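4 protein chains.
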Amino acid sequence: MAIRTPKEYLESLKDGRTIYVQGQKYHDVTGHPLLRLALERCLVDYVMAQEPRYKDLLIERDDNGEPYHFTLKPPTSAADLLRRRDIEQTAARTLGGKASGSKHTGPDGLHALTATSRLMDKEIGTSYSERVELLRKELKRIDAAIALGMTDVKGDRSLRPSKQKQHKDFYVRVVDKSNDGIVVDGALAHISHGTFANYIIVLPCRAMTEEDEDYAVSFAVSPGEKGIKLIHPRGDYFEEGNYFDFPHSARLGYSDCIVVFDNVFIPRERVFLCGEWQFAGPTAYMFANFHRQDADAYKVALLETMVGAALLMAEYNGLEKDNIIQEKLSWLVFYAETAETLGRAAAQNPVTDPVSGYIYPDSIMSNCAKFYYADNYHQALKLIQDITGGIAVTIPSAKDYLNPEIHQILEKYLAGKDGIPTEHRIRAIKLVSDLSGTYEQVATIHAEGSLGAQRLAIHRVADLNKYRAAAKRVAGIQDGTEHPLYSQLIKWPQPLKDIIK
Amino acid sequence: MAIRTPKEYLESLKDGRTIYVQGQKYHDVTGHPLLRLALERCLVDYVMAQEPRYKDLLIERDDNGEPYHFTLKPPTSAADLLRRRDIEQTAARTLGGKASGSKHTGPDGLHALTATSRLMDKEIGTSYSERVELLRKELKRIDAAIALGMTDVKGDRSLRPSKQKQHKDFYVRVVDKSNDGIVVDGALAHISHGTFANYIIVLPCRAMTEEDEDYAVSFAVSPGEKGIKLIHPRGDYFEEGNYFDFPHSARLGYSDCIVVFDNVFIPRERVFLCGEWQFAGPTAYMFANFHRQDADAYKVALLETMVGAALLMAEYNGLEKDNIIQEKLSWLVFYAETAETLGRAAAQNPVTDPVSGYIYPDSIMSNCAKFYYADNYHQALKLIQDITGGIAVTIPSAKDYLNPEIHQILEKYLAGKDGIPTEHRIRAIKLVSDLSGTYEQVATIHAEGSLGAQRLAIHRVADLNKYRAAAKRVAGIQDGTEHPLYSQLIKWPQPLKDIIK
Amino acid sequence: MAIRTPKEYLESLKDGRTIYVQGQKYHDVTGHPLLRLALERCLVDYVMAQEPRYKDLLIERDDNGEPYHFTLKPPTSAADLLRRRDIEQTAARTLGGKASGSKHTGPDGLHALTATSRLMDKEIGTSYSERVELLRKELKRIDAAIALGMTDVKGDRSLRPSKQKQHKDFYVRVVDKSNDGIVVDGALAHISHGTFANYIIVLPCRAMTEEDEDYAVSFAVSPGEKGIKLIHPRGDYFEEGNYFDFPHSARLGYSDCIVVFDNVFIPRERVFLCGEWQFAGPTAYMFANFHRQDADAYKVALLETMVGAALLMAEYNGLEKDNIIQEKLSWLVFYAETAETLGRAAAQNPVTDPVSGYIYPDSIMSNCAKFYYADNYHQALKLIQDITGGIAVTIPSAKDYLNPEIHQILEKYLAGKDGIPTEHRIRAIKLVSDLSGTYEQVATIHAEGSLGAQRLAIHRVADLNKYRAAAKRVAGIQDGTEHPLYSQLIKWPQPLKDIIK
Amino acid sequence: MAIRTPKEYLESLKDGRTIYVQGQKYHDVTGHPLLRLALERCLVDYVMAQEPRYKDLLIERDDNGEPYHFTLKPPTSAADLLRRRDIEQTAARTLGGKASGSKHTGPDGLHALTATSRLMDKEIGTSYSERVELLRKELKRIDAAIALGMTDVKGDRSLRPSKQKQHKDFYVRVVDKSNDGIVVDGALAHISHGTFANYIIVLPCRAMTEEDEDYAVSFAVSPGEKGIKLIHPRGDYFEEGNYFDFPHSARLGYSDCIVVFDNVFIPRERVFLCGEWQFAGPTAYMFANFHRQDADAYKVALLETMVGAALLMAEYNGLEKDNIIQEKLSWLVFYAETAETLGRAAAQNPVTDPVSGYIYPDSIMSNCAKFYYADNYHQALKLIQDITGGIAVTIPSAKDYLNPEIHQILEKYLAGKDGIPTEHRIRAIKLVSDLSGTYEQVATIHAEGSLGAQRLAIHRVADLNKYRAAAKRVAGIQDGTEHPLYSQLIKWPQPLKDIIK
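Residue numbers (the numbering used here), protein chains in the order written: chain A, 1 to 501; chain B, 1 to 501; chain C, 1 to 501; chain D, 1 to 501.
Keep in mind that a hint or two might mislead.
Identical copies go unnamed one by one, so any copy, or any two together, can satisfy a pair.
Simulated pairs of lysine-lysine, BS3-like, Cα-Cα distance not exceeding 27 Å [unchecked claim]:
| id | residue 1 | residue 2 |
| --- | --- | --- |
| 1 | Lys7 | Lys25 |
| 2 | Lys168 | Lys226 |
| 3 | Lys321 | Lys417 |
| 4 | Lys226 | Lys55 |
| 5 | Lys165 | Lys321 |
| 6 | Lys321 | Lys137 |
| 7 | Lys177 | Lys412 |
In short, the hints are calculated from the structure, not lab data.
The model shown is predicted, which means the values in this text are computed figures rather than measured ones.
Let's have the full structure, built from the sequences with the hints guiding it.
Quick look at the structure:
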């Protein structure tokens, strides 16, 4: 058991995995510029773990003194959850507002399995907990990069898994079973960092009915396993290392591949759900409890960057005292601080699962955080673009700026407020332009649960009777229902004569 | 020193104070139905204090064992701030979503003076702290109902106090001084509960310049003092006790009077600021730190009532399964829970004033809470009305419903979903109608600081350099500025060859 | 045939009709202050018709030279539709932003029946057209005040008329038929001006299925007919004639009564639909085509008043040069002008029904108008209240202002910008307060079709294939579909070499 | 005089003009893929002009029978303005939602100069009209591609042109004058199609004061003139001709170059304003009157494409019947139809300039159109992305899709609703992804005037007194002001006894 160096981590990926990107097949995760770009988001965790400054933050020790990455540890307190948040934000700030890849989403799945396996063992007498702890041990041992596979490709969204028409593999399913293990088919989309993981933990993405029992399956597998193909998205960016023109997306790394399972064998000890369809939903929800915390944490680093870009543009354009601009900037600051406060509150007010005893961030609060920032993201973009001006899309390239024939011209004419170097203004403009692209918009809405998923979640977790009780009390509706927050209040209004008696 | 009964409290108001309401002069605070309605919001604190169930929540004991109301105690921990919040919410839930009146805003002013007087004593050698403690002692002694006077009538909003044109009294000011005390002139608007208070604590409403030094004044005074007139708003409501038609506003009690000072003498020991214009701003801001907590707390009880009304209407109309309705309900639940989370987080993460040592709720978080719920309130109303239907304004009156000639007809035709008593549906409709009135809209935007005030506050308290640092890091702007959150991060991106070395 | 005087109109209502308001029964439409208030909205049409200045606008002449109100005439051109709009707006401006009552909604129903009866006669061989023309003749003859009855009380909104559970009368239905006529039962809600009408034209409110055929019924009837009860809403307002405190709602007149039909006999010649369920939907939709034009027209007068109130408040508070305030004012002006432009465009671009030959406003445009102003109304209110300040709900009453003991004090302290009389500022504040009440909010959302109704309408009338064709062209999707706007375009992009050949 | 072929047009650009793109200098407008891409937007006008189907639409004939492009003709009626709109929309639909380049913005400038020169000649006795007509003659003669240069680079946005600090060339200015002509310096940003124009018409971008008189300058010049440099933006797109992955932006053509004037001589007859600073504002505003019409016209073609993409995605995902999705789609349809209606109304209701007699689209309506679609654009994007799903950014590339090793896998797993070819779904996803990029967002907000510019414009052109009059009437404020719409209304309310007398 050990903390691996970046080099050791890279070595561990040389297992001949099958990767497609831009129409070419690769077996080397550094084979294409897009892969290299995406890879960095996993690498950063290993680089940080070597840094003395992050030792206390990132490294935990086992009972026998062996070091391992903190995110593999089952959280037991608000402090643990806040530390998770701190780790995530530090990495995201390092990456200019993107989540790092090898130590977050995957461990969220491990935590979900830990909780759900305890529940299953208790309720239906399985012994999945042991398998989960075996997996944890293995993940610690190899200091694994872990991805999470949950989002089935889904086909017709109005039909359940077993009711799909063209074929039955729109959701990952068990096609064969034996004493040794199971065989699975299917494909998962948007699997962040799957290409660069040592393990992918696969969970069901929704509650299942009995008819869907073949789809109630969970397992862990190496992306290098026979029968697995990793198909990479195109990405928007091509010029490796051009941080001047693409200050954000040149670090971005579209890492969200399609993972195809073609008759993949999973040994028995790596299977954590297999037909127990009643537990598909709970597993998915418990994962969400952890995973939303990631979102709530790293997104703040992105919002800080966006709001900062707007602040700089206002200043560089000489408009920082303009009231209308100030109003927009205030909204942006509220936006970022509200997102931070909500996410932090979820960690600060943990919930203990009554059955498994597992602790996780308050799911109402974390859903509020996710919904809030996603629902308002496009408004933020609009304000930032409004402040910046049309130059965000008509700015010349770095190559123009560096061309000696026109460098002085651009220095002269792209200047803003006196005292601000023109280069700084150009860089801030490039940042706004780059932050406005498709990726972050769509990822903010859909990653870690879409707006619709948040809505379903809040309906499930919120105490709606609290609201009903509040309204009934005022409206004078007496229907026999009670709620602790409202039923113990004193009667009101009371006649004045009673009050002053 | 003692906790007064409601009757004792009412007795204490019989000091001949001069009240105008609906064009008539009264000296009795129960003289007019509107006064009685407003009075209840102060009375409730005294009623609750007599309840055994609230003893632990509301009552604190002095070193000598004397009981006093907890809100007079300087908070020293997050637990104290959360208890303040709990008190405020319990009262507001009792009152159907309105703040109670005698123990919140006034004590906020006392806390502000406690902190600012310490600051002034330290920085300019005054001895205001002693006076503040004397006042606290007196307030405890009489178990006072305390109002806060801050919002000057202002005249031309584009001009500072001393630059006003028609006259110089648009902001409260010192018109005479002597060894014994000061004489003040002016008028304050929107003074909640002033009519029913034993003391009004007056604070400056803004930062002042040297030219405005006559306006840098703070003091405490009884509303019964010679030269004070209390002019009451009209209110929307007239039918005392008709809780069927006006389930919310019949409990509402417009209590926000105009307080006129006509050459009112304030003895020296009740003066807490007098010409020290540099401290006008800090006093106002420190008050806001506490006062916004009230808003963040009690408003949630109103939002619970509103959201509950929408939930009931959806169900009573048979539309609780309709997806579009569900989406709107989800938004409303997010709205209420987000407001609750933000407000609670502010209390949970207190700030210690470095100079006075005073503790108060995090002002970024509490501003986020206030801005969030105020900025989105009209959207909430719209959704609730959308769900309810036009019947919110075309519903017959209680008297129609109770008229035996048409009672059965209304029972038959105003029914909604089978199984829901028609009366329940009517009551829920009445609640929506009543919640949609002018008062709560305007109060939600303007009370405890307008949207504009929130914007100024967030600009003052937020760490804008954090945002700038985030953007500069990504944009590659190096201008010598640093920020602890960003300057300690590892360099990124690093060349792959460096990483794997 | 003649244009009646107001007095003649009032005489015509003395038919012993049964009215309930505030729990009392009346047979006199002027019997209660609320009735008098509501009555004015019908009266105004008769007052205006006596005015020489409106003769050309309001009065049309029959072939035989008899004068009648223009709104009874079937429109035949854009000019006719614009004249309808002009009439509506002039009356609404007269009434401070409210629709007048006797000549708009009712005639919209007449137009719908004119078109649909032609369609039915043609398609299924009925002779309803004759009956409709008989009705028109009668309405002209008596210069009738005409109401429209469409909104059934509905019960459980998730169930069709015939599937309701508690009873079968949640939608108006035929309970008996004979050669002489039909007998109907049921109740209609929100029937504007029903109490003051000479005729109510009843239409189905939705498309019906065969099972609902008893509910596919349309007829005209006098509200004084045996078996009809008119139950009035409570309203917010009580002080008759207090235009100072209630400048808008004292003119408002909640006129939207519940009309109950208890075994009401309708003679054969006044029945226009009876069981032909396929034509229930078309009748309802055709009515909407005309009725939305009313909404689009009169609402602009309300918006003008609201935006004007905000402009005055900004000026009276001395903030008319403040950039943030200006931005809000601009939004409000855009809001009002956009609503006006959309509504006017619908009239300017009329549609001719291919079957009946009837002309009506463009229904896409008129739906856009209605949806736009309703969807944004609460945002407008928010901005207006934000500009005005908390004083909107803490302003004293007229009686206080006129009390000589405090008149000078209020003159002094409620002053705003120098040069503006305090009374003007108070009046503007009162206007904002009064405009913010429940009624206009709910009416703006729900009257003339809810937001949901607009959404259904736009889905029905918009040319969705135009959009699909646009997207397919760009995306390169060739699926054999065509659209005239897109299929005739030249191919693009074309290779440069082809272009320059 | 003649209509040129595309080839002739291309020949006309071979004048050795100096173009920079991606750090390289070119003299050939087809020298770089980015240039070719941008060039197409001008080429299309020449291609269309050769098409018989567009002859009636595009080609006008002079008195002597010579054909010329209609957009050069001074409009004299609503029909002319609607024809302008039709031309613009047809081209934009051809180009997938982008404006064509050679015949719109430039002619808008010509129209502005036509109107303003008449005004100047009349008011200050100049003879600019003759020069303008000479220019028109020349533009017709060569069937010119015409660009418009207005947006100065501006420097510190809080300072006027003459007050800028680093240098005095942030706005284009006259640096020398002689009898023969003038010499100008400066730089313009965002000059659409400047690189591909035969003439750039330069106008001042704002009202000027006397101190800024050197900046009050207007002229026409060829981009090939000595001293002019054209610096191109980078653009997002690199793969020429990849319409599968980039169905929209591969046709997009960032054409908005920076035009640098380095001591450029302008002969006297091409100068249309030179120091008459009072006319700088009117020229800019008159240009905006025409130019906003372009925006209002072509943007609709983009919105059609966007809304269509959302409709297709809903259907292809099997969600077209889902209520929540339907609600979003309805909003999108309202959005596009409202934009269309507003823009069309502006053309349909033309204004005649009282001094010059020139006709132009209603500027209130056209501002409403521009503001409306720009203010709501990000909301539209959000809904479209919400409907589409995360696949918008995780979709593999065309090369992957065409790779035989994984083609069948992608066919299988990227399928949506049964019956929809997977390729169609992928193409629709690619379209959404491509439409969500930075360019259209920023261009929608800023091109043809920013949101702030719209706000200033509506304040200038709207009849604010109409609003004030409406509010004063209701509020009862009598201050001697009058407005024709309100002062002629009958008095209201009138006492009932007066009405029925």
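Handout entry: Copy assignment of Lys321 with Lys137, given that the CA separation must stay at most 27 Å
Key = Classified as neither: same-chain Cα gap 57 Å, cross-chain 45 Å, threshold 27 Å.
Practice task
Measure nothing new, just compare the shortest in-copy and cross-copy C-alpha distances for Lys177 and Lys412 to 27 Å and report within, between, both or neither.
Solution key: Between copies, since 24 Å is at most 27 Å while 71 Å is not.
Problem - Homomeric proximity label, Lys168 with Lys226: Cα distance no greater than 27 Å - result: Within one copy only: 21 Å inside, 65 Å across.
Handout entry: Up to 27 Å CA-CA - Lys55 versus Lys226, copy category
Key = neither (36 Å within a copy, 63 Å between copies)
Handout entry: Homomeric proximity label, Lys165 with Lys321: Cα distance no greater than 27 Å
Key = Between copies only: 18 Å across chains, 60 Å inside a chain, cut-off 27 Å.
Handout entry: Status of Lys25 relative to Lys7 across identical chains (alpha carbons, at most 27 Å)
Key = Only inside one copy: Lys7 and Lys25 sit 23 Å apart there, 43 Å across copies, limit 27 Å.
Practice task
Check Lys321 against Lys417 for me: Cα-Cα at most 27 Å, and say if that holds within a copy, between copies, both or neither.
Solution key: both (12 Å within a copy, 25 Å between copies)
Comparing the model with each earlier hint shows violations of hints 4 and 6; every other hint is respected.
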